[in-house]
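Colleague: Mind docking chain B on chain A? Use the hints.
There are 2 protein chains.
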Amino acid sequence: MSEIYSKLMKHLEKSTALETALVLFQWDSETLAPEKSMELTAKSIGILSSEYYNSLINEDVKSLLDKLSEEDEQKQLDFNQKAIVKKLRKTFEEMEHIPPEEYQAYQELIAKAPGIWSKAKQENHYPSFAPYLEEIMNYNKKFAGYRVKEGQELYDVLLNDYEEGFNTKELDVFFDKVKSAIVPLLKEVVKKNDMIKKEYNYESFEIDKQKEFCNFISQYVGFDLSRGVIAESAHPFTTKLHNQDVRITNHFLEHNLESAIFSIIHETGHALYEMNVDSAITLSPVGTGASMGMHESQSRFFENIIGRSKSFWIPVFSKLQETFPEQLKDVSLDSFIKGINKSVPNLIRTEADELTYSLHIIIRYEIEKMIFAGEASIHHLPAIWNQKYKEYLGVEPPSDSNGILQDIHWSCGNIGYFPSYAIGSAIAAQIYYHMEAIMPFHSYLEEGNLAPISEYLKEHIHKYGASKNTNELLMDMMKEPLNPDYYVRYLTEKYTKLYEL
Amino acid sequence: MSEIYSKLMKHLEKSTALETALVLFQWDSETLAPEKSMELTAKSIGILSSEYYNSLINEDVKSLLDKLSEEDEQKQLDFNQKAIVKKLRKTFEEMEHIPPEEYQAYQELIAKAPGIWSKAKQENHYPSFAPYLEEIMNYNKKFAGYRVKEGQELYDVLLNDYEEGFNTKELDVFFDKVKSAIVPLLKEVVKKNDMIKKEYNYESFEIDKQKEFCNFISQYVGFDLSRGVIAESAHPFTTKLHNQDVRITNHFLEHNLESAIFSIIHETGHALYEMNVDSAITLSPVGTGASMGMHESQSRFFENIIGRSKSFWIPVFSKLQETFPEQLKDVSLDSFIKGINKSVPNLIRTEADELTYSLHIIIRYEIEKMIFAGEASIHHLPAIWNQKYKEYLGVEPPSDSNGILQDIHWSCGNIGYFPSYAIGSAIAAQIYYHMEAIMPFHSYLEEGNLAPISEYLKEHIHKYGASKNTNELLMDMMKEPLNPDYYVRYLTEKYTKLYEL
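Those sequence lines, one after another, are chains A and B.
With this note's numbering, letter number 490 in the first sequence gets 490, and the count goes up by one each step, no holes.
With this note's numbering, letter number 271 in the second sequence gets 271, and the count goes up by one each step, no holes.
In isolation and in its complexed conformation, chain A is listed as follows (with noise of 0.2 angstroms):
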């Protein structure tokens, strides 16, 4: 191994373990931790957050990365090492030009800011949040104005932190295709919407049962109970401390089976994909996947191209009526997988359907670009969003709860992410009509054996961690990069026979 290659991995074992530190408090706190814990480990927290940014942004690993970036020392480096310091070079390119203090001061306000948007969502008081979201905006639009290159624009800055190689005017074009494609077709199906009845999602469920029943399908699915664990948190997510150890949560609700269900198959096809991360790159800064689009695409795909699949529930639709033998004994496997189909524009974007889910991401998308061009003041942000709302879903907010308040993304900071979970839908498309055309992909959901798909899976996005990024990978697997053509395609195919249109 390169000696300087060497050095610079003593400061990395030292980031990844502060990392796997910081992982395990959030687990906690989503977790576990007790009500009047916060205060006092939030010190803890903070002060290793802080050894966590010195173990990057110092002297040394500078000194280190800018060796090994020249040509003599990068040919003595292996795929993955080339890969590391790639990735190393850009986490260091994202935080070097912020100074600690600032660093530090933003760190304390988004570890505050999401109590203040909960309590704000609760009591429906959009004013109390609006100065912390307009905080946030600055530091962020202060912190991408410190690394924006000549001619970008600042929003291009943080879509790339989270989706290496995508800006704004491809994803205008991505999602002038989606929507022109979408919104006529929502409106038909608006029409017909009478034809799916599903009004037994919406019986009592006993919640120990739906546990049972989730706890199943994760395994069904490809959840490794010896690598991995499942709890409880009042929002689904996934972590990991590494590919040996992946953690899910899952919510319950009394009077909707779908909910836990489809959240349970979600955040087991993000766990599929760090469970399979290489064990060489696990501890390592690719090991983890290659970006949050890529992330959703793996749940996406799970959870409804899967999921939401009739190959997927003939093997299994008899085991859940067995556990809900009342509630479902008159629900047919066709009128189970209409229901769970059915497409109902709403306000909330975590219960949007397949159809309807990027246009809830569309106007997020939207928005933020208004904030980062100065086209919106954060004071007007109720009323835009309503207005958008009203016109690309033909639902109009009640409250700013149900509104600009609902999601929890930007009160942690995560500005220039939503566009990623249209993203993850576009890819899981493609990949979809990939696989559909090189294996029996549905006869292998027919006979209940997925492994074969979470092979392929692995074999070719997974293991790689984030080696590769998201356009490398689609290539080396399809030959094609990104092209939405495939989701508009798979969403008009399934709407159009779903409603008989």
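To be clear, the hints were calculated from the coordinates, so they are not data collected in a lab.
Some clues are possibly wrong.
The list treats identical chains as one, so a pair stands whether inside a single copy or across any two.
Unchecked claim - Distance condition first, Cα-Cα at most 27 angstroms in a straight line; then the derived DSSO-like pairs of lysine-lysine:
#, residue 1, residue 2
1, 191, 497
2, 369, 90
3, 62, 10
4, 112, 14
Modeller: Below, chain B alone, put in the same frame as chain A:
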């Protein structure tokens, strides 16, 4: 605040943050982490341990501690600050002679060893754990060797870590006194073994209902769920991030009602100690119990002296009967009290009654002494163990799982720790006679009013954390240091009465 002390605080904040992270990893690995996670997680733990080591053991801290020990500086320190400096000096002296590489290697070893031990115990295969045990013992001998003082026994170095000021000379006297009183007393008790029936305890008790009752009884004793967590693990234990986040675990056996109940009362005793540590010191090196023995005195005080008394059960026995009406319908309060105090020599320390408990400890103490004196090879430990059980308790382990492999302690590197349990029992008895003399102790229990008892312990023991040592606490509270006569008196009185000897 002294300028030098402020500088020390910066180091302390970092080491406290790292220590808190290590506590969380430990908690997680024993309650939740998936089976296969440990090998990779151990790497992060190893690195954070060595960061922790470096945060304390460095020239800066050494010189600050030296300065703060000077008379002029001492004058500027308040009581807590002096205690923190003193405790830190002790920790510093314990660690400074251990080379960092050895420290890290040892931390990784004891992160892995409990998993090996657990498997060996499950498979009743001592030889697969023996090499790890040998390595752990060798490290401990080596580390003790680095700091042994002239004329001091190697084993005394470790004893002093857990119980400041205690050594084999004193403990030999202590244990001889206990042994010579208990062994003959136990022989009399065994003769009347049939006098107390407790078959009811081994019926089937639904685990969910056990959990429900245990959660109730823990809160009844004083556990505050807004500042704590109750979870499950193979062996019950207590840990804490700080006084606002104290965590205990329990375990459940379908065919043993007592096991979970007395485990949870025991751990609640530990938890109250940690929850009551003063907020001014909770995030400092003295923000925990004074010593292992002092900690055990509190858990045993609640488990045995309170929890096995008739007064305690008068207000709550009916609730237990309501929880298990079928199983307990023919059990009177009096026969229940006799049942939970019945003494039967058995193989397992954690299932031992009050009378035989110290004999289990004496065996471990004698074996540890032999190992450190080079009088017992790791290979021969099972035979030595079995022979001693036969001699002191009259029982012989049918397998190593029920013998030498029963305790987790050695696999965690806790050598010299077992005597603390017996010291704890002795302190608990001494405190009992003191409190009974100054307050209507049993009336409080009969009224279900435990607050004045906890409050007294908080004011005289808990709130000080480790800012006073064991004998300082006992002296300030009762004008007398540890005196094992109370313990002998307590057991003699109790069992003479119970068995009508």
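Colleague: Could you run down the list of hints and mark each one as holding or not?
Modeller: Here is how each hint holds up against the structure:
1. 191 to 497: For residue 191 and residue 497, the Cα distance is within 27 angstroms only inside one copy (15 angstroms; across copies 84 angstroms).
2. 369 to 90: within (23 angstroms within a copy, 56 angstroms between copies)
3. 62 to 10: Both ways: residue 62 and residue 10 sit 14 angstroms apart in one copy and 26 angstroms across, limit 27 angstroms.
4. 112 to 14: both (25 angstroms within a copy, 20 angstroms between copies)
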